[in-house]
Amino acid sequence: MYPSINGNKSDIESTLDSGSQIVAIDRVIAIGLNISWDPSFTIQIQAMHGGIQQTLGLAKNVSFKFGHVTVYLQCHVQDRAPYEVLIGRAFDMLMESKIKNWGNGDQELTITDPNTSERCTVGTHLKGSRPRQTRIDTLRYNMPIKQPQEQDKETSKGENVNVHPLMI
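According to the working numbering, the sequence shown is numbered sequentially starting from 5.
Among the hints, erroneous ones may be present.
[Stated by the list, open to error] Restraint ranges, calculated between C-beta atoms of paired labels, are given here:
(1) Thr114 - Asp42: 29 to 37 Å
(2) Gly23 - Asp110: 17 to 25 Å
(3) Asn65 - Ser121: 14 to 22 Å
(4) Gly127 - Ile56: 29 to 37 Å
(5) Asp15 - Arg84: 17 to 25 Å
(6) Asp110 - Pro43: 38 to 46 Å
Rather than coming from a laboratory, the hints here were simulated on the basis of the structure.
Just so you know, even glycine gets a beta-carbon here, dropped at the ideal spot from N, CA and C.
Take these sequences, add in the hints, and give me the full structure.
The structure is reproduced here in structure tokens:
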């Protein structure tokens, strides 16, 4: 996912991982987005390689905008993280997120703003696959999308025209 973070429309990849208990951001990304953090609030986390690593601090109330829904998250800042932003279970619980998986591998995330109850659905992408590089796959739909030329031909033949003969 590529939300707007701290008011920056950027290409920062956010990895959704409900197996993680925290929301975290890489130090270099935090600096690049002008996000400051409190270095006195650190925790120890288990790193990908299995070791224990101390975070650098906590960035408080960082704004994330998904579509038209904005949420303020507490992000643990991590040095040399294997991700740009990690969105863990804390986000899922706060936003009452729901994930819909499709048979072709597509996945959509629906979130609910806890303050306004406004909902928003966003598509996800494979890790490392930027949205502009993603090929549109219509296999999950029952009917293929028709090109405008095909629709014009059908209408001119009188097929699929929704007009009652007595109304003419």
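Which numbered hints fail:
No numbers; nothing is violated.
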